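Enquirer: Next come the chains, spelled out residue by residue.
2 protein chains.
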Amino acid sequence: MKTPSMNNVCDPGDLHAYLTHKRQRVNQALDRIWERYEARPTPLLEAMRYSLEAGGKRLRPILCICAAETVGGSENTVIEAACALELIHTYSLIHDDLPGMDNDDFRRGKPTCHKMYGEATAILAGDALLTAAFEVLAEAVQQGDARVPDFKWIEAIRVIARASGVSGMVQGQMLDLASEKKAVSWEELKILQQLKTGALIQASLHVGALLGGGDSRQIQAMCAFGGYIGLAFQMADDILNVEGDARITGKPVGSDAALQKATGPSVLGLDAARAYAKDLVDRAREELAVFEENAAVLAALARYVVERDR
Amino acid sequence: MKTPSMNNVCDPGDLHAYLTHKRQRVNQALDRIWERYEARPTPLLEAMRYSLEAGGKRLRPILCICAAETVGGSENTVIEAACALELIHTYSLIHDDLPGMDNDDFRRGKPTCHKMYGEATAILAGDALLTAAFEVLAEAVQQGDARVPDFKWIEAIRVIARASGVSGMVQGQMLDLASEKKAVSWEELKILQQLKTGALIQASLHVGALLGGGDSRQIQAMCAFGGYIGLAFQMADDILNVEGDARITGKPVGSDAALQKATGPSVLGLDAARAYAKDLVDRAREELAVFEENAAVLAALARYVVERDR
Chain A
215 MKTPSMNNVC DPGDLHAYLT HKRQRVNQAL DRIWERYEAR PTPLLEAMRY SLEAGGKRLR
275 PILCICAAET VGGSENTVIE AACALELIHT YSLIHDDLPG MDNDDFRRGK PTCHKMYGEA
335 TAILAGDALL TAAFEVLAEA VQQGDARVPD FKWIEAIRVI ARASGVSGMV QGQMLDLASE
395 KKAVSWEELK ILQQLKTGAL IQASLHVGAL LGGGDSRQIQ AMCAFGGYIG LAFQMADDIL
455 NVEGDARITG KPVGSDAALQ KATGPSVLGL DAARAYAKDL VDRAREELAV FEENAAVLAA
515 LARYVVERDR
Chain B
215 MKTPSMNNVC DPGDLHAYLT HKRQRVNQAL DRIWERYEAR PTPLLEAMRY SLEAGGKRLR
275 PILCICAAET VGGSENTVIE AACALELIHT YSLIHDDLPG MDNDDFRRGK PTCHKMYGEA
335 TAILAGDALL TAAFEVLAEA VQQGDARVPD FKWIEAIRVI ARASGVSGMV QGQMLDLASE
395 KKAVSWEELK ILQQLKTGAL IQASLHVGAL LGGGDSRQIQ AMCAFGGYIG LAFQMADDIL
455 NVEGDARITG KPVGSDAALQ KATGPSVLGL DAARAYAKDL VDRAREELAV FEENAAVLAA
515 LARYVVERDR
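Chains as they are written, first to last, in the numbering used here: chain A, 215 to 524; chain B, 215 to 524.
These aren't lab readings, by the way, just hints derived from the structure by calculation. Hints are supplied without guarantee of correctness; some may be wrong.
For chains that are exact copies, the list does not tell them apart, and a pair is met inside one copy or across any two.
The calculated lysine-lysine pairs, modelled on DSSO-like cross-linking and capped at a C-alpha distance of 30 angstroms, are [unchecked claim]:
| no. | residue 1 | residue 2 |
| --- | --- | --- |
| 1 | K366 | K395 |
| 2 | K366 | K329 |
| 3 | K329 | K395 |
| 4 | K465 | K395 |
| 5 | K465 | K492 |
| 6 | K271 | K329 |
| 7 | K324 | K366 |
| 8 | K492 | K366 |
| 9 | K475 | K366 |
| 10 | K324 | K465 |
| 11 | K465 | K271 |
| 12 | K329 | K492 |
| 13 | K465 | K366 |
| 14 | K329 | K475 |
| 15 | K404 | K492 |
| 16 | K396 | K475 |
| 17 | K271 | K492 |
Please read all numbers here as calculations on a predicted model, not as lab measurements.
Using the sequences and the hints, build the whole thing.
Expert: Now the structure itself:
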């Protein structure tokens with residue numbers, strides 16, 4: 215089995231250009247989503263757009279597109295699925311920030327949705343974004359790439375719903391809230407982070423490979439890659455919350471510690487957390503061997519996940 | 215064009231038996247939903263089940279099944295779609311009752327979800343129920359009746375998502391909150407009620423007819439029927455809130471008036487609201503002409519929607 219060498223990784227400059235280009239493409243596609251709704255902007259649509267356009271990295275959509283491209287598929291085929299993932303991610307941030315949840319006033323350096331529009335509107339904006347994700351997916355099938363058979367889209371819808379709900383992200387959020395001010399073991403923390411963050415990131419790669427036309431071996435490798443990357447991403451987030459630059463992350467440094475949340479650094483210590491994140495990326499990149507030289511961008515993305523500054 | 219005569223309406227005793235039987239079938243199918251999740255009950259699953267099993271009438275699932283049967287389809291074909299509609303309805307009630315929304319302590323005579331499990335769990339239980347609806351729909355396609363082609367399921371998912379989100383129920387809830395302590399015209403109230411309640415009821419009938427195998431003329435008639443019935447249902451709800459028996463409705467009488475909400479009675483007056491609801495049912499029943507004698511149960515259901523006591 216061939217392990218990807220450094221030659222198979224695109225250089226940081228190329229990755230930066232790739233990320234910028236894809237972010238732009240995703241933002242254009244997200245813009246088109248509003249066309250299906252009322253021409254007259256309502257407070258609800260405004261709140262949805264506010265949070266969706268608050269400067270997200272678009273990591274999940276980009277991972278989805280990159281997974282599709284890695285298996286030989288095209289961006290166009292998966293762009294709506296990529297948008298659906300970002301709609302779900304955005305709804306989860308709005309609800310996480312609510313007074314009844316983490317009660318955060320700022321997100322990405324801007325007032326959170328409920329600070330801008332009030333609590334009721336924020337709850338409903340989250341609900342509407344989650345619902346819109348499935349509307350976008352269903353419409354993508356009806357208007358989309360006829361080369362992707364309907365049963366693959368149905369599977370994509372199932373994978374995304376499963377990763378987002380009671381078997382995935384929402385359950386992770388429950389565990390996260392329950393972890394405050396409590397002794398959490400390393401095993402428990404891994405489950406928490408896999409559900410809270412890992413599941414949707416893994417689903418992004420899974421769906422990209424599935425709709426992009428990957429065979430079952432490729433889809434399996436992509437899911438394994440996604441499992442490692444998802445955990446690495448959350449570990450990096452926890453580390454940034456300890457030692458990041460609040461002006462860049464847009465989130466107050468030490469906010470997890472203030473809530474006495476269980477995080478990588480709080481459970482493992484900062485150095486061990488850093489080493490663990492690096493190890494996860496190495497393991498993730500080993501999974502890319504099946505894609506040979508097609509995995510250059512994905513391999514660079516894996517490194518970016520832990521080396522980013524926001 | 216033949217108008218349904220009284221002979222085409224099943225008698226109240228038969229309707230009662232039909233509702234009891236279908237409610238039981240829907241409850242059995244809802245029970246099976248939990249099998250796909252963890253065997254060990256978590257607080258999140260418990261909160262979801264608490265609200266789902268808090269004594270709902272199962273009106274939306276029953277309308278969906280009845281629509282399918284009216285066009286010659288079977289209960290089995292649509293039972294999962296029917297469940298998905300109830301999951302969405304239940305999530306909407308949990309979120310409506312939240313402190314940041316209507317702040318209701320009781321629903322159907324029982325403490326609301328956030329009163330039982332806390333606000334964070336209630337927010338997440340609603341999120342998880344909404345997500346589960348789409349997971350159930352996707353799995354229904356994979357395991358379901360092979361006679362229904364995938365493209366019809368995709369359309370069903372689209373219709374349900376559209377009716378539930380920013381073009382339907384969630385926007386209706388926004389307008390409902392904005393209507394408190396404000397002068398609302400009759401035209402505005404009709405739009406509010408069509409979105410808040412009508413859209414999902416209409417979708418229930420639409421999806422039932424679609425998956426049940428109805429042709430486009432039948433689906434169109436069912437949508438028209440659903441449009442009238444949805445408005446009639448909300449009007450009847452508003453009237454029950456004024457003059458119902460709290461022991462039967464499970465909701466304090468006069469709670470809408472206390473919040474100074476715009477309702478049928480508050481905008482039209484009680485007598486005119488009652489007459490309007492009756493007129494809506496008559497118009498709904500005229501739409502059933504295309505189904506001839508097959509519409510007997512649906513015609514009785516239309517009457518039940520405004521004559522119920524809870």
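Enquirer: State for each hint whether it applies.
Expert: A quick look at each hint next to the structure:
1. K366 / K395: neither (43 angstroms within a copy, 49 angstroms between copies)
2. K366 / K329: Classified as neither; 40 angstroms inside a copy, 41 angstroms across copies.
3. K329 / K395: both (26 angstroms within a copy, 23 angstroms between copies)
4. K465 / K395: The answer is within: 21 angstroms in one copy meets 30 angstroms, while 37 angstroms across copies does not.
5. K465 / K492: within (23 angstroms within a copy, 56 angstroms between copies)
6. K271 / K329: This pair counts as within: shortest intra-copy Cα distance 22 angstroms, inter-copy 37 angstroms.
7. K324 / K366: neither (38 angstroms within a copy, 42 angstroms between copies)
8. K492 / K366: neither (34 angstroms within a copy, 46 angstroms between copies)
9. K475 / K366: Neither. Shortest intra-copy (39 angstroms) and inter-copy (45 angstroms) distances fail the 30 angstroms Cα cut-off.
10. K324 / K465: within (9 angstroms within a copy, 40 angstroms between copies)
11. K465 / K271: Close inside one copy (14 angstroms), not across copies (45 angstroms); limit 30 angstroms.
12. K329 / K492: Neither: 36 angstroms inside a copy, 44 angstroms across copies.
13. K465 / K366: Neither way: K465 and K366 sit 38 angstroms apart in one copy and 45 angstroms across, limit 30 angstroms.
14. K329 / K475: This pair counts as both: shortest intra-copy Cα distance 23 angstroms, inter-copy 25 angstroms.
15. K404 / K492: within (15 angstroms within a copy, 58 angstroms between copies)
16. K396 / K475: Intra 8 angstroms, inter 43 angstroms, cutoff 30 angstroms: intra-copy only.
17. K271 / K492: Within. Shortest intra-copy distance 21 angstroms satisfies the 30 angstroms Cα cut-off; inter-copy 54 angstroms does not.
Checked against the numbered hints given earlier, this structure breaks hints 1, 2, 7, 8, 9, 12, 13; the rest are met.
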